[in-house]
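If you're matching them up, the sequences are chains A, B and C in order. Using our numbering, you'd call the opening residue of the first sequence number 11 and step up by one each time. Using our numbering, you'd call the opening residue of the second sequence number 2 and step up by one each time. Using our numbering, you'd call the opening residue of the third sequence number 6 and step up by one each time.
Think of the hints as simulated: they come from the structure by calculation, not from any bench. Wrong hints could be hidden among the right ones.
Said to hold, decoys possible - Within a straight-line C-alpha distance of at most 30 Å, the following computed DSBU-like cross-link-like pairs (lysine-lysine) qualify: (1) Lys652/C to Lys562/C; (2) Lys86/B to Lys491/C; (3) Lys86/B to Lys108/C; (4) Lys16/C to Lys53/C; (5) Lys86/B to Lys17/A.
Claimed, not checked - If you want the footprint, here are the derived chain C segments under chain A, 3+ residues with CB under 8 Å: (6) 93-106; (7) 247-254; (8) 273-284; (9) 508-519; (10) 691-704.
For each residue, glycine too, the CB sits at the ideal point set by N, CA and C.
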Amino acid sequence: MKPAPFKYVVAASLEHALSLKAEHGDDAKFLAGGQSLMPAMNFRLAQPAILIDINEIGDLAGIRRSPAATRIGPVTRYRALQRDAAFVRDFALIGEALPHIAHPQIRNRGTIGGNLSHADPASELPAIAVALGARLHLRTARQERWIEAPDFFVGALTTALQPDEMLVGIELLLPKPRTGCCFLEIARRRGDFAIVGVAAMMTLGERDECTDIRLAFCGVGETPIDASSAADVLVGDAPTEASIRDVASSVQGMIDPGGSVHATADYQRHIAGVLTERALRTAHQRVRDGR
Amino acid sequence: MDGDFHDIALSVNGKQYQRRVESRLLLSDFIRHDLALAGTHVGCEHGVCGACTVLFDGQPVRSCLMLAVQAQNHEISTVEGLTGKDGEYHPLQQAMHDHHGLQCGYCTPGILMTMTAFLDENAAPTEDDVREALSGNLCRCTGYQNIVDAVMTAATRMRGR
Amino acid sequence: MSTRTFGEPIKRNEDRRLLTGQALFIDDVELPGMLHVAFLRSQVAHAKIISIDVSSALRRPGVIAAYVAGDLGDYWQPGPLLVPPPPIAGIVFHQRTQVPLAKDKVRHVGEPLVIVIAESRYIAEDALDDIDVELQPLPVVVDLEKGLAAGSALVHDDVGSNVSAHVRQTKGNYAPAAARADHIIKRRFLYEHGISSPIETRGVVAQWDRRANQMTIWDTTQAPVFVRNGLAGMLGLNERQVRVIAPFVGGGFGPKIMMFYPEEVLLPWVSMKLNRPIKWIEDRLEHFFATTHERGQIHDAEIALTKDGRILGIKDVFLHDGGAYDPYGLTVPINSQCTLLGPYVVPNYDSTFTQVFTNLPIVTPYRGAGRQHGVFVMERLLDFAARELNIDPAEIRRKNLIPPEAFPYKNEIIYQDFQPLEYDSGNYEPVLDMALEAIGYKAFKDEQVAARLQGRHIGIGLACYVEGTGIGPYEGAKVQVQSNGKVSVATGIGTQGQGHFTVFAQIAADQLGVAVTDVDVVTGDTDQFYWGAGTFASRGAVVAGNAVNEASKVVRKKALKLASDLFECAEEDLVIEDGKVAIVGVPGKFVKLGDLARQANPMRGAVEPGTEPGLESTQYFGPKMGATANGVHATIIEMDPRTFELKILKYVVVHDCGTVINPMILAGQIHGGVAQGIGNAFYEKLVFDDQGQLLNASLADYLLPTALEVPRMELGHTVTASPLNPMGIKGAGEAGAIPAGPLFAQAIEDALDLKGRGVELLEIPLSPSRLFELTRHAQR
């Protein structure tokens, strides 16, 4: 399966990349890791006329920490994230999800920006971006804007990116103190896309009462599903087995999974409940363990 | 539409090459046919089977998901570069032979490139570590057991050097 | 015969080339002026072809030609029937074989419509988009029962129905046996096998040399001799003008022995027409449609037993999905029919099947070749009988095993080799006992209780099976000592990773007293060996191996005769070892084998009448019937009771394939077969919709097991030598793959206590989602 013909340009700078995208709009696609784009091109499901290679733009890769936020360049490879011990510690949700993303060879090339821009409904990072409250920095040749993660993911394989726009940065705030995180996923084989994945964050107050919960799912909708409101009932008290189970039931009522060749919608709904329980339980345990 | 051609210069197994390639030429096809290094095999062209794994600046990648033009100024390593000047096996090749870690041999070069890079970074892996590292390479013949044994043996031998 | 290497884990001769990336696989064949092929394939499962317009494609730069069915003239014809229906009374068989390019009608997604030849595969694929095809869709036949119902669309209009074949075989008389039974257990089973999906897909390179009047074809086939014969006939050439080379092949597993695939038939024709070498390499997407499958059967089966669990008889009626064409005859369902009987005494058997035409790719043998389906039915019936009669599952099997004194054991019905099914030898109870011991059967119940207290759900499974192997018709081998002392062996079968370059070398090395590494084996080149059938049905080592043995014995005899003449002593006073023939007790008096070979090919003088030059011999071996191997698999699994994720904790195989040539290579075969069995049982499912579209046509969604899904396996062996060949060997290639279905069904039922909750697992493959659906309404 060979790709259809295209014109290939190596972007020397971000400005160069953006001006090309402004010129060609949807006829052009950015090539970062290529781990989603190249299979689509080999299957001829994607046939861009222009491929803009952004791998040589050094500014687009790397993790920059400031007191305000942690900023990740879009061309930062999964491998680089995995190997940054401080990053993996600070953003444990991402650290826990990374081994589930494909395989080492894919992670050596694939990028966080490429993953988020591809917006596969079963992909882990979009859901984690939602859970973490990520802010995404988008630029065109002339303008820039910031968008919250939930607003970025519009539909299956569809984002809010305009034809002339690039995702140029992902900003994360450190989770609050006394926050435990847990990412869990069910897939048919390790590394496969999730049948259901959940990102859970639980923050406890001085009396060990729950002060904040974040819950986001992948695989159960066209976009990541923010189910945090299903867990509102936990806020104000210490979580119990019963209250956690109630949250799981609420989640099941909230979501509308579509099923796939690998799982029925009912199985996905069932798993979403099971994973909710397990993730909340583990997140809770981790706060208490000081992790 | 006329093809979009580019001149590239790259290093493969330590040797410099200069070629003119169409932009859509996959790195896997370039290595196999333009450079006649046919040891790298193609199994799926969608990045799942791992047969086409080569090292790109020392890291295992799916060559079917890269374009030849992207190799400009980079260093590629293929299975042909694993043996020593006099044909001496890399310890993993020797261990694969000793443990019957290959049957048809088609997935083998991809596994060798993946696992030699793994062993360079993991001197004392557990069996679970090995299986996880191997999980991105499909083998239909061996059931993986002998490959795992070969990697563990190679690790031991490499530590002993 | 010295047995220096026989039975030893000799390392493989072929490894260096493979480990260093120097082995020639089909896509490594590069010829000057070579052109490349892509096929335009039907995107719908059933349609009338209204028109095909290739004119735009022909105008694309780099496109050399594009042909449709009409362009082939007389060359266009349905392929030959590869396996005729067996001689069974009352058999119904409608032969409808595949065609090189669809004409009038397409009958499955992926059926080729147009062959495009271009300067590169890239350009050929571009040209596919230029082609205008007008199809008129027809109703699609996918469901077997609906396909047989009145009013169904017909895959082949002139057959009048979708019946490809109908076969009934009986042994004894089931009805009276059922009448006197204490217990009858009746169930409907659904068993689906999957695709072979070797890591290397198929490929063909054809090179017609007009000046030399020679056609050379490289082909990833498991049957180069038959392919040579058939293509020569089709092309109007003499067999000796055609050379078929099966190079290193990256996994066969059965579908690469399907012959006269459209691509195989077309490439040589195109090469002759254009006088250029032509290459086609199947890509992975094509492989899902263009290479044959195994798929499903629906069985309505019943077993009649005494109250102490002895089998009185079995009756089975099943439907078999054969796909759109039936070139491979009835091999797969006959294997199901016969292998169902297993290692058990079944005094009465009544088995009927209907092979159904569907608008899906052709079904031909894939590792196990229908045996899986039969084994699933038998083993599940025994499990349900064990439950109802309150007998331990191992014990109900034990009490029905064919006793060792009953061999050769006649099962009477006709097998895939057209002979009445007869098990040549076997000793089944020790195999069962070894498996029970190795898995820890006795201790398991307590372990299960202890695990449950920790919230862990573990279960045990056990399955027994036989495997008919080593069938005829024959294979041959030429063994020759060369003047440099090395031995060359050539045989007609091909090799796809099963170690022939080593195993055949061991056989010759032991006869001729040379090192295994000094034996060079050639397989799969019809110019090097003319006659043979192919690598299939677990017969390579048995049949070709015995031919190598016979030829080696003759060469050994010739060498001894020559040396005894040379030394003027008796042959009994000589010994062959280390590449030399020497007089026993007089080590200084020897002649090198290579020198003997040279002397046997004189430059002057004469070759005696009645003798041949050189130290070589060609011998053939044709077993009168297949040899029956057998085995038992056992497993302990853990299942998450809420997510239904599977973890295999322990997997044991005890196997009897007679005398073992190379235990390391044998173990590799078992490992690989088990991995495929695990894939079949829990991961690999072909998901077709009701329009015959395959919804998971990629390796991302057709799930082959990885190193994380396949556990470490423990292997044990017993040896019951086969009396059917001088080496006593039986085949082993498919053994690992055969019993996985019932094994996992049983283990999962045990782990989740499904029988106690009123749920029975009657289908394969399973998956976490499927188990959730099957158990969600269970009691408790």
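Structure-based check of all given hints:
no. : hint                 : verdict
1   : Lys652/C to Lys562/C : violated, 55 Å
2   : Lys86/B to Lys491/C  : holds, 27 Å
3   : Lys86/B to Lys108/C  : violated, 56 Å
4   : Lys16/C to Lys53/C   : violated, 55 Å
5   : Lys86/B to Lys17/A   : violated, 40 Å
6   : 93-106               : violated (count 0)
7   : 247-254              : violated (count 0)
8   : 273-284              : violated (count 0)
9   : 508-519              : violated (count 0)
10  : 691-704              : holds (count 4)
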